[in-house]
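A.B. asks: Chains as they are written, first to last, in our numbering: chain A, 1 to 245; chain B, 1 to 245; chain C, 1 to 245; chain D, 1 to 245; chain E, 1 to 245; chain F, 1 to 245; chain G, 1 to 245; chain H, 1 to 245.
A portion of the hints provided could be inaccurate.
Here are the computed lysine-lysine pairs in the DSBU-like style, where the Cα-Cα straight-line distance is at most 30 Å [stated by the list, open to error]:
1. G:LYS161 to F:LYS161
2. B:LYS161 to C:LYS161
3. H:LYS161 to A:LYS161
4. E:LYS161 to D:LYS161
For the record, the hints were derived by calculation from the structure and aren't laboratory data.
Protein chains: 8
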Amino acid sequence: MSDPFAGLAAVLGTAPVHVDPQRQSRKGVPEIVYAAGKPPSLTLAAVRTLLTDGPTGRVLVSRASRETTDTLRAALEPDGVSLMTSTSGETVLAVRSGAVAPVQTGGVVGVLTAGASDAPIADEAAWVAQEMGCHIVRADDVGVAGLHRLEAPLRRLRQDKADVVIVVAGMDGALPSVVSGLVDIPVIGLPTSIGYGLGGGGIAALLSMLQTCAPGLVVVNIDNGVGAGASAALMANRVAAARRS
Amino acid sequence: MSDPFAGLAAVLGTAPVHVDPQRQSRKGVPEIVYAAGKPPSLTLAAVRTLLTDGPTGRVLVSRASRETTDTLRAALEPDGVSLMTSTSGETVLAVRSGAVAPVQTGGVVGVLTAGASDAPIADEAAWVAQEMGCHIVRADDVGVAGLHRLEAPLRRLRQDKADVVIVVAGMDGALPSVVSGLVDIPVIGLPTSIGYGLGGGGIAALLSMLQTCAPGLVVVNIDNGVGAGASAALMANRVAAARRS
Amino acid sequence: MSDPFAGLAAVLGTAPVHVDPQRQSRKGVPEIVYAAGKPPSLTLAAVRTLLTDGPTGRVLVSRASRETTDTLRAALEPDGVSLMTSTSGETVLAVRSGAVAPVQTGGVVGVLTAGASDAPIADEAAWVAQEMGCHIVRADDVGVAGLHRLEAPLRRLRQDKADVVIVVAGMDGALPSVVSGLVDIPVIGLPTSIGYGLGGGGIAALLSMLQTCAPGLVVVNIDNGVGAGASAALMANRVAAARRS
Amino acid sequence: MSDPFAGLAAVLGTAPVHVDPQRQSRKGVPEIVYAAGKPPSLTLAAVRTLLTDGPTGRVLVSRASRETTDTLRAALEPDGVSLMTSTSGETVLAVRSGAVAPVQTGGVVGVLTAGASDAPIADEAAWVAQEMGCHIVRADDVGVAGLHRLEAPLRRLRQDKADVVIVVAGMDGALPSVVSGLVDIPVIGLPTSIGYGLGGGGIAALLSMLQTCAPGLVVVNIDNGVGAGASAALMANRVAAARRS
Amino acid sequence: MSDPFAGLAAVLGTAPVHVDPQRQSRKGVPEIVYAAGKPPSLTLAAVRTLLTDGPTGRVLVSRASRETTDTLRAALEPDGVSLMTSTSGETVLAVRSGAVAPVQTGGVVGVLTAGASDAPIADEAAWVAQEMGCHIVRADDVGVAGLHRLEAPLRRLRQDKADVVIVVAGMDGALPSVVSGLVDIPVIGLPTSIGYGLGGGGIAALLSMLQTCAPGLVVVNIDNGVGAGASAALMANRVAAARRS
Amino acid sequence: MSDPFAGLAAVLGTAPVHVDPQRQSRKGVPEIVYAAGKPPSLTLAAVRTLLTDGPTGRVLVSRASRETTDTLRAALEPDGVSLMTSTSGETVLAVRSGAVAPVQTGGVVGVLTAGASDAPIADEAAWVAQEMGCHIVRADDVGVAGLHRLEAPLRRLRQDKADVVIVVAGMDGALPSVVSGLVDIPVIGLPTSIGYGLGGGGIAALLSMLQTCAPGLVVVNIDNGVGAGASAALMANRVAAARRS
Amino acid sequence: MSDPFAGLAAVLGTAPVHVDPQRQSRKGVPEIVYAAGKPPSLTLAAVRTLLTDGPTGRVLVSRASRETTDTLRAALEPDGVSLMTSTSGETVLAVRSGAVAPVQTGGVVGVLTAGASDAPIADEAAWVAQEMGCHIVRADDVGVAGLHRLEAPLRRLRQDKADVVIVVAGMDGALPSVVSGLVDIPVIGLPTSIGYGLGGGGIAALLSMLQTCAPGLVVVNIDNGVGAGASAALMANRVAAARRS
Amino acid sequence: MSDPFAGLAAVLGTAPVHVDPQRQSRKGVPEIVYAAGKPPSLTLAAVRTLLTDGPTGRVLVSRASRETTDTLRAALEPDGVSLMTSTSGETVLAVRSGAVAPVQTGGVVGVLTAGASDAPIADEAAWVAQEMGCHIVRADDVGVAGLHRLEAPLRRLRQDKADVVIVVAGMDGALPSVVSGLVDIPVIGLPTSIGYGLGGGGIAALLSMLQTCAPGLVVVNIDNGVGAGASAALMANRVAAARRS
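Using the sequences and the hints, build the whole thing.
C.D. replies: Pasting the structure below:
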């Protein structure tokens, strides 16, 4: 009897990742491998290609499961690749042996969190922006339940000449609106999935930011630290380029 | 031929309002006629009964359409009843000739609004609380887009010894959380339907208040000025009664 | 080769909790550490600081995972700190050796549940209110499926002179509206996530409370026992203070 | 030039109503013409056919706009057809000259409303059930904000031996659950679109009924008085048929 | 030092279940213990009381976790109590030694499922109705994807003189509307949580049933087999009682 | 003083429509002007350009307000352009003097409606498909409340060799699933906004179709007759082309 | 004592699957066993019957849990049945010993994915279409974040004369609209549950496809690879049949 | 008799607007009066104060009803104030006699629309950015249904050295993701309420933008042209300031 599955393998997506090593030069954003929904082997293959063919020898992986991280570590560390994971464990930076740190652009990105529970997502945003060459000004747990905590960080943002500030908040999502009423730079609201009950999981935070009464606030999706960091760095780097020219 | 509709009228709700004139003494809240969905004649009948049989000769009507207000005015003013409508036109106070003003209880209720657009709903809350004998401390347009505007009103709340404060906000709904982090009295968040787009119509404001990170904040539904005012007055009046005793 | 991760650690939120030991005196609500989304080590650090620097030597932790509770127990009990967990296991009270019980204020808070499944959330509310010095009047499983069960608890609320009552209900959420129609004190509706299908997880209960036709009912979010307890105690303690003066 | 629209008319639905005059005998429910979305002329055509070909010479029209009602009246009254509209104006009963009233089946249907605003929808339910031969036991405005109003109607339901009871409620939708805990006959919850804010338009009422903790409660959609009435009559008429046999 | 937790235990709900052994006689529905959210020990205590004090020595438990079922089995079987679990494992029937089977009322309840995946929920409905004394007419997997499968079951419903039919369907939820257009008895739509994607988990099924264009269809919530069974039995038993009298 | 608005007009979108007259040859779908949100003058300008530059001298306008239709009629009829509006009045066909009817492709598209209220949307789908050269097989009011009405239309679809069938349904949206279980050609479900209450406005219909248990059913959005018609014609025309070759 | 559970087993759905081996000839779609919610033994029974009685000796199982797959493997492989699972592991093809591969129809179905994470769902669609005799043209990871990747696949679709194309996309769901603007064959949008935050789980992707501004796009539900594949094959096979005739 | 309404007027918000003329210097965003929900007289009072006390003599009013615009025109034009309204009629610019045009900052803002229906909202964004001193690069109707239309505008953005681009899209909301994959400057997605059916009113557009797979895209709420314009100008002006220094 002939193979009953003849032809079936041919229709499956055997190597479905197209890595785009030139994205960094075209877009100014490093290639970031989105690991959710991919088998670990697929993520590994993409990382390998980018480490080899990409311009920097540095690759970010987002939404990595523990299984994916373990797969990367087991396969890449023997080849001299260094790996570092973010606080949440979901973002991984892989660096080829001999790769250099990102060039500092002079762009300055502020990162504020409303509560300590928002820190892991803020870490991802800060990390992406730093990977894109920005200097980070960071302050945590300055939320609206005790507004007196907000004064010092805002003073520091001014002193350090931040070009843009990412404000990270879950639950009520009120801090980005408050900050946006007090500073004269663009504010990116980054809602987190902290919070339970109706409007929980970041819904209320996102909606409140979308409804802000303080003009100058833009938003990204819930827990999208990567997007907030990349957008902030694009803004700050354009300012920095103008400063340099 | 006999009447083809015989019996049909009998099954309709011909006089479906049961007024409850004793509610004021049992609950401490005056009878409020909810006019939405009622034919004007039904609302009129309910108001008449309460003016005659109730203990105070004063009746509040909420969610009144213009048609209902006109019906009340045309029917009641010739009988010496005085009517006053709120800013929004949806709340009406009817007062029988000779009725006296509510007894002052000594309870003090603060009412703050985030924006001027929130004022009509704040008016309804203030009105109900005053009708229940409270003194009102009011400040408007003190929202989070310019937090420096908040200092003076909070000082006045302390000076006037407010027992509870209603904070009225639409759009981002951030103000109640901010206020709740700064005062030591109960705060009632009253979301308004100001705002458009996703989370508009008061949804984001309500959800943000429900998700508040400042303990001590309770909420009522969107635009429910009547409920916020009644609850605030119940709280303040219980404090006032304790002060008197 | 230099450290490929140079600078990365600097942008992470290394100690992102700002404890606020003076909150109790400013707000009248004890500091409560919200543990969701925080690594256990962060929660532990916050609890330690509050036990040492705070005014009472008593700290509440909410939304604690089992891992967090174990971390607290292992680290703090050897130092003479006592820990007690609520029925749900998610609320933890840590008390420093030598700390005294909260001063009784004289405020009285009623706590009623619709069904036995609502009890763990009711426990949290009762616990917070007691920690703020209130006397608790409690009755369980008195829901609308058998209204005759409601008579005795309401009589006790009156006899014990409750200043405010928290009514805890999942599923249909009908009990708070029923109670609010029968008592003359403020009612706080506390919806629980009991229930499945459309409107499950507490949605129907919360919405039904927001839509109540009984004025005098305010609400907190689903399963927010901490918020309900803190708000009730703020109300009751203000009445009690007036009684004492 | 030939007709540029040749063939276009042929593809339009020129007479798209198929009336089903035998439905009454097959289903036990009279043909009800759903007028929403139909041009008045189409509704008129359907009514005419049913008056002529149907077994009873009586036709109900639901969700009729004023324009539809006017069209029916202008076209049918000159032919000796009598028309009666419900309180809401949206349900119309057309009766051919000489048609007799529905035969009384002996089935008994209770209809209770929580508030006076629910009465128009209750009218539709009562009307359909009566048109199907049932006796109606009706009581209005007996909602949960004052439970003492519920005693007398429940006593009457028992005295009149109701086979099923329709409980009509908007806003919090609590009454059907309360009634279902107190009676031993099937209860049909009929939510109405009374109420505003989150959960308004009948959403909270419907969800609360779906989440009932009192077994024995079934529901229909918001404002679906026709469906509640038809279902109740089907139930009551089956009981009545058993009683007769 | 005194006990730092003095008084805390007193405010917790130590025995929060009020069993209601007389419900069966008052409501005609046996006491059903809702186990979700209850610690197993609480469910056990409730079952014990009902087995001892209730009129029948038979108790149903719904939404039981495996842990709860194991707890019941370990504690009750040594005392001679027999336990049986439904297909889904979530419904448990406990029967005291010597208890008799339910008295047959003569009521007849049809139970149809659209797909085989709906069978476990249908089992719960059938079980409750049988526990209330009804005869069950059952047919499975007769959904709309192959309508020819529907003929035989509908013929059997007529032959066996079903008084009411429960139609169980997930996914598109179309079957109850189709059946309701073909039979002259009341139809209860019971949506199940079968289905994924938008409208999954039973949402589309429930909404489609609520929107039915076939009058005579009432619904219960998603997966609420207990509610559907109890309602159907209430209807059928009232018919049966009329037949007997 | 200089013009205070200097430069402002320059930033407004003065002629923001780019008509794409070659779309018909590239896509096989005629240019359809979507009029919602456009000032009538803009729609008129687009129609004029397409009538002049397009390959057929025929232009469809969808979602036209009455004001837009009047504008088109007043401006174009004097130039010899003929206009025809669909039943709903929202779709308009403009034909230049001398333009010829669409070439018949031989593709056959079935169009079935569940209820008469669905006819106007079905008209739009039929019209677009006919404009693309298809033959239409139409049957109305064959919904699931009386399945015997479905036999004849399905027989006609087979006799006329329909290549694809559009099934139009609001409310419960059950008919497309039923039809898809009975035919061996692709079925396009076209939900309409008929229906009120939860799941109303076409939501339940769309979700039920998305959840269909009958493979072979694809859907378009609520009331999107244009999209259903264009998709059906693309399918049928590809079959017809194969038949011709 | 008699059996306390007498009669209970009789009301349970003991063999609730009705396999429909003739569906393939009637519908052109092979019988696919939907395993979600079924106990593995039930799925096994259905597969056995279809392997034996069906026309092809080939059966697809969708939404199979690992437990179900293991059950099938253990029971069927000893009988000479071969099993193959898709990339996601949720679709299983069982082939009886001696069964032949599907007859090639000549229909051509394109399958494009926006990202590599969409590949497993695309595999299911491709597999079903191939099982129905179609030739598959596949290209992966060609999404809108780098549109230059789209050129080659579209060229191949034209060269290979695809009759229909399935475009698979999660997150923003933009690719199907882009493709539909560029090709002249029907496009089936297949949203996947890739994506988190608001609009995550495939919601944004599905809604964006439903709202497409490119006519000629139809959709199936999130992750419904089986439905997309079956619909595409129905379309392509009808074209192929016309080509052959 | 004394005034029955004594004290009532005192609790209403008689002058609830606090204008903040210094906001422009503090925030870099001109004061914009949000007119929704305000009586026209209140909006007028705010505009008057800002024209007199503000630094520029120019005031923007957003969400103005026709009644508000008429009130402004009637009251202000006699005083030499010039008014200009946007295409939608909802945004109004009032300029005091003698006021000068905004100083050009050198910042460059691109504005692209997907369809002509999006133009009015794009106008508002462009207007606000121009009022803040930016140069606008505008292109319309370049949406994804015909991607070839996108080349020229993107070339112009590069030639004119845009610092940021606002991409305006309703319906599927796909264009911002496509543009964000092609440019190396920040992109602000501005969803519009164009579109009907599920995901209509801008919901699908907003969700698709939030779910973008192209990093570097931030969003504002549906129809929030004012917010998009202000944010873009803040970004561009910071770049321009760096260029000047």
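A.B. asks: Hint by hint, say whether it matches the structure.
C.D. replies: We went through each hint and held it up to the structure:
A C-alpha spacing of about 24 Å is found between LYS161 (chain G) and LYS161 (chain F), which places the hinted pair at or below 30 Å, so the restraint holds. Distance hint between LYS161 (chain B) and LYS161 (chain C) is fulfilled; the C-alpha atoms sit about 24 Å from each other, no more than 30 Å. Restraint check for LYS161 (chain H) and LYS161 (chain A): satisfied, since their Cα atoms lie roughly 24 Å apart, inside the 30 Å limit. In summary, the hint linking LYS161 (chain E) to LYS161 (chain D) is supported, as the alpha carbons are separated by about 24 Å, within the 30 Å threshold.
Hint check: no violations occur; every hint is consistent with the structure.
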